[in-house]
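Colleague: Listed here are the chains, written in short residue letters.
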Amino acid sequence: MLAGLQWIVWCGLYLVGHFALYTLVLRNRESFLRERVIFGYHVLSAVALALVLLGTAVITAREEVLIETVGALSLHGIYSLSFLELWSLSEAGYSLRILGELDTPGGAPKVDLALLYRLGSSKKESRIESLQRLRLVRRQTQGVSLTPLGRVLAAALRAIAKAVNVKM
Amino acid sequence: MWGVWAIIVFVGALAGHAALCRLPVSGNNVAKFLGVGGLAGILLSTYLISVYGLALTTWAGLFLYMFLCELYIFSFTLVHSSVSASLLIALRAGALTDQEIHMRYSDERMVDLRIGKLLANGFLREGDSGYTLTDRGRLLLAIFRRLRGFFRHSAREAADDRLLARD
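Chains as they are written, first to last, in this note's numbering: chain H, 1 to 168; chain U, 1 to 167.
One should not assume that every hint holds.
Stated by the list, open to error - Using 25 Å as the maximum straight-line C-alpha spacing, the simulated PhoX-like pairs for lysine-lysine come out as follows:
1) H:162 to U:32
2) H:167 to U:117
3) U:32 to H:167
4) H:162 to U:117
5) U:117 to U:32
Unchecked claim - Have a look at the derived ranges for each label pair, beta carbon to beta carbon:
6) U:122 to H:26: 50 to 60 Å
7) U:135 to H:117: 19 to 29 Å
8) H:61 to U:134: 56 to 66 Å
9) U:120 to H:37: 12 to 22 Å
10) U:128 to H:37: 42 to 52 Å
11) H:29 to U:145: 36 to 46 Å
12) H:103 to U:150: 11 to 21 Å
13) H:26 to U:112: 24 to 34 Å
14) U:135 to H:37: 31 to 41 Å
15) U:45 to H:85: 23 to 33 Å
16) U:28 to H:152: 37 to 47 Å
17) H:57 to U:112: 53 to 63 Å
What the hints assert, rightly or not - Residues from chain U shown here face chain H by an in silico Cβ test under 10 Å; the list is partial:
18) 50
19) 51
20) 62
21) 98
22) 99
23) 107
24) 138
Hint data in this document are derived by calculation from the structure and do not stem from the laboratory.
Remember, predicted model here, so these are calculated numbers, not experimental data.
Here a beta-carbon is modelled for each residue, glycine too, at the ideal position from N, C-alpha and C.
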């Protein structure tokens with residue numbers, strides 16, 4: 001039991017350190033205002049953690065290392081996914097922007113929806129550009145189409161939509 | 001076997017959630033999964049503790065299960081609400097011209113869909129004078145405004161504006 005608790009404490013301390021470094025130092029740097037840099041900060045940290053754990057396994061030849069690695073990466077995954085989702089939602093959450101536009105004393109009259117429609121238009125354009133940058137779609141003469149990578153991701157998303165009975 | 005059990009229980013939770021989404025049960029998909037996934041998580045904890053005690057193996061199995069659940073919630077909420085995810089799925093049937101994309105995702109439709117969801121989830125209410133935020137909506141907005149400050153998104157937008165002005 002103690003061995004398990006000790007392992008969790010070390011993992012927790014590592015993640016607290018990762019978050020503290022971002023909070024106290026990195027978030028004040030201009031480069032860390034970019035989505036790609038933030039994403040890389042989390043991916044590199046997870047890779048580094050896995051390498052350290054596997055390296056320790058080679059040196060110490062302990063049997064528990066697979067369990068520790070899976071557990072540590074799962075914990076890191078829970079932390080990183082929560083962090084990145086909050087980062088992304090607070091940056092560009094469409095619903096939140098609508099709430100923000102309607103947050104006026106006494107509410108917003110229906111005619112102001114034109115403003116929200118313009119918001120929808122800009123959101124759509126930026127999304128197509130983002131998908132192009134991620135190499136998930138490409139522009140050709142006949143219009144926008146999926147790349148092979150985009151096709152794989154689209155198939156996975158379709159499977160999830162089917163599972164939760166979402167009509168697309 | 002601890003990892004295998006975590007995955008088996010997770011697949012069971014997915015199946016339970018898929019079934020629940022097809023039944024006339026009230027509540028949104030996240031709440032439904034939290035119910036099914038939480039129950040499955042309790043069963044997994046009970047099994048792992050009974051076999052391994054409060055050992056490393058039990059914790060690793062539970063963290064793996066929790067991570068898979070979070071990844072799944074993230075994925076289906078993405079499918080449900082993301083413009084990008086919807087567009088990717090639509091493109092499976094073939095290329096779309098800009099005009100077809102604009103028709104399919106008209107600004108009015110996108111905003112109306114979001115407002116419908118905000119109304120259904122109790123973040124907005126519709127009155128005679130238009131839409132107003134509920135207390136729940138105001139709380140959500142306040143939380144995300146704080147997060148926006150923490151992540152310094154406004155600073156990035158200002159930096160982008162400076163770059164545009166320079167160009």
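Colleague: All hints, please: hold or fail.
Modeller: Comparing the hints with the structure gives:
no.: 1; hint: H:162 to U:32; result: 16 Å, holds
no.: 2; hint: H:167 to U:117; result: 15 Å, holds
no.: 3; hint: U:32 to H:167; result: 18 Å, holds
no.: 4; hint: H:162 to U:117; result: 20 Å, holds
no.: 5; hint: U:117 to U:32; result: 16 Å, holds
no.: 6; hint: U:122 to H:26: 50 to 60 Å; result: 36 Å, violated
no.: 7; hint: U:135 to H:117: 19 to 29 Å; result: 27 Å, holds
no.: 8; hint: H:61 to U:134: 56 to 66 Å; result: 59 Å, holds
no.: 9; hint: U:120 to H:37: 12 to 22 Å; result: 36 Å, violated
no.: 10; hint: U:128 to H:37: 42 to 52 Å; result: 47 Å, holds
no.: 11; hint: H:29 to U:145: 36 to 46 Å; result: 22 Å, violated
no.: 12; hint: H:103 to U:150: 11 to 21 Å; result: 19 Å, holds
no.: 13; hint: H:26 to U:112: 24 to 34 Å; result: 39 Å, violated
no.: 14; hint: U:135 to H:37: 31 to 41 Å; result: 36 Å, holds
no.: 15; hint: U:45 to H:85: 23 to 33 Å; result: 25 Å, holds
no.: 16; hint: U:28 to H:152: 37 to 47 Å; result: 28 Å, violated
no.: 17; hint: H:57 to U:112: 53 to 63 Å; result: 55 Å, holds
no.: 18; hint: 50; result: 15 Å, violated
no.: 19; hint: 51; result: 14 Å, violated
no.: 20; hint: 62; result: 9 Å, holds
no.: 21; hint: 98; result: 7 Å, holds
no.: 22; hint: 99; result: 8 Å, holds
no.: 23; hint: 107; result: 4 Å, holds
no.: 24; hint: 138; result: 7 Å, holds
Of the hints listed earlier, those the structure fails to meet are numbers 6, 9, 11, 13, 16, 18, 19, in rising order.
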